[in-house]
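If you're matching positions, the sequence shown starts at 2 in the working numbering and goes up one per residue.
Just so you know, these hints were derived from the structure itself, not from any lab. Among these hints, one or two may not hold up.
[As the list claims (entries may be wrong)] As a list, the in silico BS3-like pairs of lysine-lysine whose alpha-carbon atoms are at most 30 Å apart:
{"no.": "1", "residue 1": "LYS132", "residue 2": "LYS119"}
{"no.": "2", "residue 1": "LYS41", "residue 2": "LYS132"}
{"no.": "3", "residue 1": "LYS41", "residue 2": "LYS162"}
{"no.": "4", "residue 1": "LYS41", "residue 2": "LYS119"}
{"no.": "5", "residue 1": "LYS162", "residue 2": "LYS119"}
{"no.": "6", "residue 1": "LYS162", "residue 2": "LYS38"}
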Amino acid sequence: MSETQTGAAQRGEQILAVFDTAFGELLAADPAAFRVKFRKMAGSAFAFYRGTAGLFYSDLEREQRGGPYLDERTGRVWIHGDLHAENFGTYMDANGRLVFNVNDFDEAYVGPFTWDLKRFAASVALIGYAKALSDEQITDLVRIFAAAYRERIHALATGAKNDEVPPFTLDTADGPL
Numbered sequence: 002m003s004e005t006q007t008g009a010a011q012r013g014e015q016i017l018a019v020f021d022t023a024f025g026e027l028l029a030a031d032p033a034a035f036r037v038k039f040r041k042m043a044g045s046a047f048a049f050y051r052g053t054a055g056l057f058y059s060d061l062e063r064e065q066r067g068g069p070y071l072d073e074r075t076g077r078v079w080i081h082g083d084l085h086a087e088n089f090g091t092y093m094d095a096n097g098r099l100v101f102n103v104n105d106f107d108e109a110y111v112g113p114f115t116w117d118l119k120r121f122a123a124s125v126a127l128i129g130y131a132k133a134l135s136d137e138q139i140t141d142l143v144r145i146f147a148a149a150y151r152e153r154i155h156a157l158a159t160g161a162k163n164d165e166v167p168p169f170t171l172d173t174a175d176g177p178l
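Construct all of the structure, not just a fragment, from the sequences and the given hints.
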């Protein structure tokens, strides 16, 4: 067996192990439901990515170092846990305003904040590829997201209250979201 085949076989085993941990008991309880889930995941690279947050985080756990922005505080914060483009949407806030924001928090947990950034950036890239955007356009979208994230965190870290940092609403958004 060649090195490439050995690597592919090992990767396949890793994926199966992660899937077994994530889905094993539920799959055994309702195989038909998971057949539908896995068929949907096979529909596109983004659909696979969307359904495999556990695999993404398993891969990130293998990283030797988290990067220059992680320390004891930033390496253990509440993160979304499954930040991708389809986990954004609209809802009515406490003041009755229609807000565009993250709207699905069922996989939130404590981890490095960079994981959310990496997961969202990858989702933007996958959607960009599916929409036939150029690499430059995809890179620009990721940079815009990263800059907006940095600005929001900076505002909050320097004392702004959450209600002092305006959300995306019909009044604050400029152009399509």
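Against the structure, the hints:
For the hint linking LYS132 to LYS119, the alpha-carbon distance of about 20 Å falls within 30 Å, and the restraint holds. The suggested pairing of LYS41 with LYS132 holds, with an alpha-carbon distance near 19 Å, which does not exceed 30 Å. Of the pairs offered as hints, the one joining LYS41 and LYS162 is violated, with about 41 Å between alpha carbons and a cut-off of 30 Å exceeded. Annotation: proposed proximity of LYS41 to LYS119 holds, straight-line Cα distance about 23 Å (limit 30 Å).
Distance check on the hinted pair: LYS162 and LYS119 sit about 26 Å apart at the alpha-carbon level, within 30 Å; holds. Of the supplied pair hints, the one linking LYS162 and LYS38 is violated, its CA atoms being roughly 40 Å apart against a limit of 30 Å.
The earlier numbered hints that this structure contradicts are 3 and 6.
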